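*Asks:* Please build the complete structure, drawing on both the sequences and the hints.
What follows is the residue order along each chain.
Number of protein chains: 2
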Amino acid sequence: MRLADLATPALVADAALLDANLRAMSAALPGARLRPHVKAHKSTALAKRQAALGHRAFTCATIREMEGLAAAGLGDDLLLANEVLDTRRLGALDARVTVAVDSEATIEAARLGGVREVLIDVNVGLPRCGCAPEAAGRLAELARKRGLGVRGVMGYEGHLMGVADRAKRAGATSEAMALLERAHADVGGDVVSAGGTGTYDTNRVATEIQAGSYALMDTAYAKLGLPFQQALFLLGTVISASPAFAVADVGLKALGMDHGNPAIDGSKVWFCSDEHVTFSSDAPVRVGERVRVWPAHVDPTVAYHERIHLVQGDEVVGELPVDLRGW
Amino acid sequence: MRLADLATPALVADAALLDANLRAMSAALPGARLRPHVKAHKSTALAKRQAALGHRAFTCATIREMEGLAAAGLGDDLLLANEVLDTRRLGALDARVTVAVDSEATIEAARLGGVREVLIDVNVGLPRCGCAPEAAGRLAELARKRGLGVRGVMGYEGHLMGVADRAKRAGATSEAMALLERAHADVGGDVVSAGGTGTYDTNRVATEIQAGSYALMDTAYAKLGLPFQQALFLLGTVISASPAFAVADVGLKALGMDHGNPAIDGSKVWFCSDEHVTFSSDAPVRVGERVRVWPAHVDPTVAYHERIHLVQGDEVVGELPVDLRGW
Numbered sequence: 000m001r002l003a004d005l006a007t008p009a010l011v012a013d014a015a016l017l018d019a020n021l022r023a024m025s026a027a028l029p030g031a032r033l034r035p036h037v038k039a040h041k042s043t044a045l046a047k048r049q050a051a052l053g054h055r056a057f058t059c060a061t062i063r064e065m066e067g068l069a070a071a072g073l074g075d076d077l078l079l080a081n082e083v084l085d086t087r088r089l090g091a092l093d094a095r096v097t098v099a100v101d102s103e104a105t106i107e108a109a110r111l112g113g114v115r116e117v118l119i120d121v122n123v124g125l126p127r128c129g130c131a132p133e134a135a136g137r138l139a140e141l142a143r144k145r146g147l148g149v150r151g152v153m154g155y156e157g158h159l160m161g162v163a164d165r166a167k168r169a170g171a172t173s174e175a176m177a178l179l180e181r182a183h184a185d186v187g188g189d190v191v192s193a194g195g196t197g198t199y200d201t202n203r204v205a206t207e208i209q210a211g212s213y214a215l216m217d218t219a220y221a222k223l224g225l226p227f228q229q230a231l232f233l234l235g236t237v238i239s240a241s242p243a244f245a246v247a248d249v250g251l252k253a254l255g256m257d258h259g260n261p262a263i264d265g266s267k268v269w270f271c272s273d274e275h276v277t278f279s280s281d282a283p284v285r286v287g288e289r290v291r292v293w294p295a296h297v298d299p300t301v302a303y304h305e306r307i308h309l310v311q312g313d314e315v316v317g318e319l320p321v322d323l324r325g326w
Numbered sequence: 000m001r002l003a004d005l006a007t008p009a010l011v012a013d014a015a016l017l018d019a020n021l022r023a024m025s026a027a028l029p030g031a032r033l034r035p036h037v038k039a040h041k042s043t044a045l046a047k048r049q050a051a052l053g054h055r056a057f058t059c060a061t062i063r064e065m066e067g068l069a070a071a072g073l074g075d076d077l078l079l080a081n082e083v084l085d086t087r088r089l090g091a092l093d094a095r096v097t098v099a100v101d102s103e104a105t106i107e108a109a110r111l112g113g114v115r116e117v118l119i120d121v122n123v124g125l126p127r128c129g130c131a132p133e134a135a136g137r138l139a140e141l142a143r144k145r146g147l148g149v150r151g152v153m154g155y156e157g158h159l160m161g162v163a164d165r166a167k168r169a170g171a172t173s174e175a176m177a178l179l180e181r182a183h184a185d186v187g188g189d190v191v192s193a194g195g196t197g198t199y200d201t202n203r204v205a206t207e208i209q210a211g212s213y214a215l216m217d218t219a220y221a222k223l224g225l226p227f228q229q230a231l232f233l234l235g236t237v238i239s240a241s242p243a244f245a246v247a248d249v250g251l252k253a254l255g256m257d258h259g260n261p262a263i264d265g266s267k268v269w270f271c272s273d274e275h276v277t278f279s280s281d282a283p284v285r286v287g288e289r290v291r292v293w294p295a296h297v298d299p300t301v302a303y304h305e306r307i308h309l310v311q312g313d314e315v316v317g318e319l320p321v322d323l324r325g326w
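Protein chains in written order, with numbering that gives the first Met the number 0: chain A, 0 to 326; chain B, 0 to 326.
Hints are computed from structural coordinates only; laboratory data are not their basis. Note that the structure is predicted; figures quoted are calculated from it, not measured. Where a beta carbon is used, it is the ideal one built from N, C-alpha and C, also for glycine. Hints are supplied without guarantee of correctness; some may be wrong.
Claimed, not checked - These stretches of chain B come out as covered by chain A in the derived footprint (C-beta under 8 Å, 3 or more residues):
#1 10-21
#2 270-276
Unchecked claim - One-sided and incomplete, this derived list gives chain A residues near chain B with beta-carbon spacing under 10 Å:
#3 L92
#4 D257
#5 W293
#6 H304
What the hints assert, rightly or not - Residues on chain A that point at chain B, a partial pick, calculated with CB under 7 Å:
#7 D101
#8 S102
#9 C128
#10 S239
#11 V246
#12 K252
#13 D273
#14 G287
#15 P299
#16 G325
*Replies:* Rendered as structure tokens:
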């Protein structure tokens, strides 16, 4: 099948660019130095490619992601890098399961659900989950008292992923990681889990980096000048054209919109509707023409789709089912 | 099952409010005066409720929505209010199928795919699909020459749905509909299809209103003071809390974000991450507490979910499968 034969809108990844991204990250962070985050791609098929490159430990954001990886035979070492109150499904998994905790309530929940290992989640500056660094030691002690294995700490410097200047990003990451180091000194354990695509090479403290977006990328990460290329796009069809603007069939239900509008090469995107993107172009646009729409944020974009079509040039060579959606 | 027993995040509709919304709209626009748009709820189960109230003709935005309604026995009169280039799946449906056209290319596509009836789609001010009003007559003539039945015109005044002042909204709608009337005079046919939840009672020209959001509503439409209440919310669990803020498990993959952040009663929403909403609250927030998160835009929110749970008070009384997702 050719790219032109796909029904639109279609989520498509360039197989060569995806492969290059996977290899570039594996070269920088071999083996256990990378704990790929599956939330960005939500695909066990893509996770298997990461595992084949030597990364056997994974990061998840939802219980369904954990269940899906375990069922796919990728359960060597699964980290739910998120707090959960009902952990029964986690406790039932045939996999090594570690869950983030940041409070007495989440420690108690882990114990009640049959989870055996935890990381103490530390707030390193992003106002989201994570305990205060000075509280980490006390929580670790509590967790151990409750019979849980405490493997170490995690702390996600998500507020720094988009800092454009590399030196500033590196400096701010060091400051954030100093908080995590302080907590780690109190907590103990082998694991210091942190980082993401934006700080994969500037985070010098983490023993493992939780990057996910690097595999497929988006326009937000593309601005950082990282050695990963935008492999993912939406293929659309121009369904209407006027002298001032054109409309393609890629809309709000095909695109995560929290980072703003997508991009179309040589065009200015005006706005998106449920099933449309309105844009104006330097060159004349013809009804029926195909366009590539570049998403601003990979994670919530992929979560709208059932599959990622893989292409080599104009040839469709396979697909990656997006089988880890939902909760 | 109780509301408190649902795994979170969960998409939930208050059954009584949903029912009241359906009845209020049916009272205002009985029978064929309303052509419910299913893109907002993507659920054949909910469409069946609309049909039971007398609305047997539906509006769709995608081919899959058309297929799903036809398969559910709701194919009396299905309008795809959108342009498509590959109409073969539409031509194969066991249903009365009408499709919007706004160009020679879309007319030719309708004919080639075996579609028999069309509406001429007219641009009434929203820069999206639709021909210029003065081109509508020529396109209707062309469509008839190609053997297509031309049922009339459609023109969506989507740019006016959010105008806060009712009188201004009504005035602007009249101006937009004057363009559609002009086109209709040239095109002929019985159908003048237009409107939405925001203009359901101020659009005096349309023979049928394409409203969809009224059934479930969202915070954007709630601002207009319409006689429809917010029936839809996300149920979340507070998974982390600090003195300054709290975090619930309802994030970017559970919420359409193009209209901005969701709302939480008595709280200020700071931002959303993939699986989190960070907020600060007037009252202390406890880990494990449940919160209701009100989406800003119903359509792309529902499209992330497999089902809508129905509740009466705190009792879960059923569910509406969201079975029309994808394309």
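*Asks:* Which hints from the list above does the structure break, by number from lowest to highest?
*Replies:* 1, 3, 5
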